[in-house]
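S.K.: Can you build the whole structure from these sequences, using the hints too?
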Amino acid sequence: MEPTLDARARSARPPRPGRITAAVPPLCLPTRRRPVPTVRLQLVEVELVEEVHVDDEQSPIAGLVTAANQGDQEAWRELVARYSPLLVNVIRRFRLSRAETEDVAQTVWLRMVEHLGSLREPHALPKWLVTTGRREAMRHLATGRRDWPQDPQQDVWPVVLTDDEDPAEALDRAERHQALLAGLAELPSRQRDLLVMLMVDPPLAYVEIGARLGIPVGSIGPTRSRAIERLRQTPAMVAYQAGVDELSPSGGPGGRS
Amino acid sequence: MTERGGYDDEALLADLGEAWRDVAPVAAALTTRAQAAFSWRTVDADLELAALHFDSAAHSGVSSRAPEGAARVLVFSSTPLTVELEVLPDQLVGQLVPPGAADVTVETDAGTTTQVRSDERGYFVVAPLPGSPMRLRCDTATGRLVTDWVSL
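These protein sequences, in sequence, are chains A and B.
According to this note's numbering, the first sequence holds residues 1 to 257 in order.
According to this note's numbering, the second sequence holds residues 1001 to 1152 in order.
Think of the hints as simulated: they come from the structure by calculation, not from any bench.
Computed from a predicted model, the values in this text were never measured in an experiment.
None of the hints are false.
With the Cβ distance kept under 10 angstroms, some of the chain A side facing chain B (calculated, not the full set):
no.: 1; residue: Arg77
no.: 2; residue: Leu86
no.: 3; residue: Arg92
no.: 4; residue: Asp103
no.: 5; residue: Val108
no.: 6; residue: Met112
no.: 7; residue: Ser118
no.: 8; residue: Arg135
no.: 9; residue: Ala142
no.: 10; residue: Val196
no.: 11; residue: Met199
no.: 12; residue: Asp201
no.: 13; residue: Gln241
For lysine to any residue, the following SDA-like pairs were computed, each having C-alpha atoms within a straight-line distance of at most 25 angstroms:
no.: 14; chain 1: A; residue 1: Lys127; chain 2: B; residue 2: Trp1040
no.: 15; chain 1: A; residue 1: Lys127; chain 2: A; residue 2: Ser59
no.: 16; chain 1: A; residue 1: Lys127; chain 2: A; residue 2: Asn69
no.: 17; chain 1: A; residue 1: Lys127; chain 2: B; residue 2: Leu1049
no.: 18; chain 1: A; residue 1: Lys127; chain 2: B; residue 2: Ala1051
no.: 19; chain 1: A; residue 1: Lys127; chain 2: B; residue 2: Leu1152
no.: 20; chain 1: A; residue 1: Lys127; chain 2: B; residue 2: Leu1012
no.: 21; chain 1: A; residue 1: Lys127; chain 2: B; residue 2: Thr1032
no.: 22; chain 1: A; residue 1: Lys127; chain 2: B; residue 2: Ala1058
Where a beta carbon is used, it is the ideal one built from N, C-alpha and C, also for glycine.
M.R.: Encoded structure:
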């Protein structure tokens, strides 16, 4: 009986490189409730964990949320690094000072620490961050205890929203930025790292980028194309593009500089 | 590849770059602090998390800001206990429900803590105002709780 169970466990979870995601808990084997050879199952788990790292095509977010919820500090650090740009984007729209923005963002992250376990599912994280960030920024505005920027050199935002900009266009741009940053946050690491490096100003040479990422220069172009395609397919970008379609029957966002 | 009114790869990348450079300095500045936030994770299963259930600041609206000195009211609720908090210009005034004597600790993410004792009516005062963000820990005869973090 024991060897049979063992064989079932193995055939039920054959190694499938590139297919196992961190969202699939490696422990949901039906055989686990029954007396099974513990040692063998532990071996299977180790193999699965390794495949998670090899597989660069899956979004790592679900795995990071699950790991952080189990106390993995590295996973938390990675989530913060990935999602802080989106959170800052959401809060800064309320034109808070830089110090206020940091305090509101920190409040949101602190609260997230305690609410990780109550997310309905790991992919609810970005929505939770956006909703909570927006609400906390509005509360901050309403308390009337704002510390307005004292030193324009220190505290003022780099100007992106110009006062003479068409409000509809400014809104579209804000939504587009939010969708792009939300999509970027959930890309597989290599794709995200490359896109972030391509945004460095002044631009880096491909040789430099290849050296920093440890990939051949010849693969930068193809990786870039795949990363952009992947970004288009993220839920945030799909929703943004669908919204644009609804609002302007003639097609997508035109008039971009 | 062209999609949706000419939103091609180059335009998308240019937009992404604009969005990124707009937030990157502030995001970088807060990332270290936010990464350290994980050390505040509560692993004590007996500690109830009292979620922020009411905030007067969420109801006043931006256009009608509270006049100077008007108190902001926060209510945190957990199953056995509720904490009502008034934020005055120079102090916090709190009320535990059900009322009772309790140890109340105010902690900020900078690591400062202030401890006060509520009276038998559950009433307590914290002065001066703590830094921000902050939260409360309450150890009462009814139970122990920690509130959501709030920025004052």
